[in-house]
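Heads up: the sequence shown at position 69 corresponds to 68 in numbering that gives the first Met the number 0, and the numbers run straight through without jumps.
Simulated from the structure, these hints should not be mistaken for laboratory data.
One should not assume that every hint holds.
As the list claims (entries may be wrong) - The list that follows gives simulated cross-link-like pairs (lysine to any residue, SDA-like), each with its CA atoms no further than 25 Å apart:
#: 1; residue 1: K115; residue 2: Q92
#: 2; residue 1: K203; residue 2: Y127
#: 3; residue 1: K203; residue 2: A246
#: 4; residue 1: K203; residue 2: P71
#: 5; residue 1: K115; residue 2: R165
Just so we're clear, the structure is a prediction, and the values are computed from it rather than from any experiment.
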Amino acid sequence: MLWVLLVVPALAWVYWRRVKGGRSSAYALYPGLGELVRTAEPRWKRHLGAGLYGLALLLALLALARPQAVIPAPDSLATVIVTIDVSLSMRAQDINPDRITAAKQEAQNFVRNLPKGIKVGLVSFAGYATTEVEPTTEHERVIEQIELLQLARRTAIGEGILESLRAIPKDESGKPLGPSTVVLLSDGRNNTGIEPLEAAAFAKEMGVVVHTIGLGRRGESGPPPNSNEWWGGYWMQFDEETLRAIAQATGGQYHAAESTEALRRAYRSLSRVVGWRPQRTEVSGLFGLAAGLLLASSLLVAQWRRGPI
């Protein structure tokens, strides 16, 4: 059908020849003709109707060729594990109003923005990791449980990854039943349990993508103003190098969140790729609609130009 598009330049050539051939070879002078010439409309307006008609014809022919586009579609087989650091350093107030409150609010918004029908689970980790909610299509359960998270001592990022992998539904061979993703947020450094990169290797072997978010301000030499949270003379900072390496090893994204707004942007960015799959869809209807609108516009322009001067 695309070969039919050759008709469009051919019709444009015929139109141009007729317009050019229709010019008069004789002239007449009338009093006041100069005023009429000075108020003549621009050349492009004289060809506007024909141009719109040509575009309408072009889009109509493209519609007949049944064009397709790749658009994101909800993946009902997908599983997403939201993994949140609940170590005591999450009480820090360098993120407004504090790290744990901001983390809870934005994680809840992230779950709300996920496609309906996909399975979502919740894992928390401090010195050990816990599956708070098994993967479920009832997203409201996850949102409610996020609000109930409590802080504890130490930070075991690697254990958080392993517990997230355990929570993912698997077949008899131990492989995930569908596309599986872990979205892990941490504000500190691993100080107990398995090494994070070793756990990331297990995730890569299973085909699970791990996206990471580092929460907190980097490069602080002291506590933020109006804060009573202080650990050994320095602010607890997240291990950016390890979090970035985890994401790179598993094909995920890494985001640094040094403010509530940055954390919101990180989760929004991830919500556009997590739980979706590319789907090829025919979009000839859109081309047909655009062709109809352009055709109607060309008819309106032609009718307007038929009016008296």
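These are the hints, each one checked on the structure:
no.	hint	result
1	K115 - Q92	violated, 34 Å
2	K203 - Y127	holds, 22 Å
3	K203 - A246	holds, 10 Å
4	K203 - P71	holds, 24 Å
5	K115 - R165	holds, 23 Å
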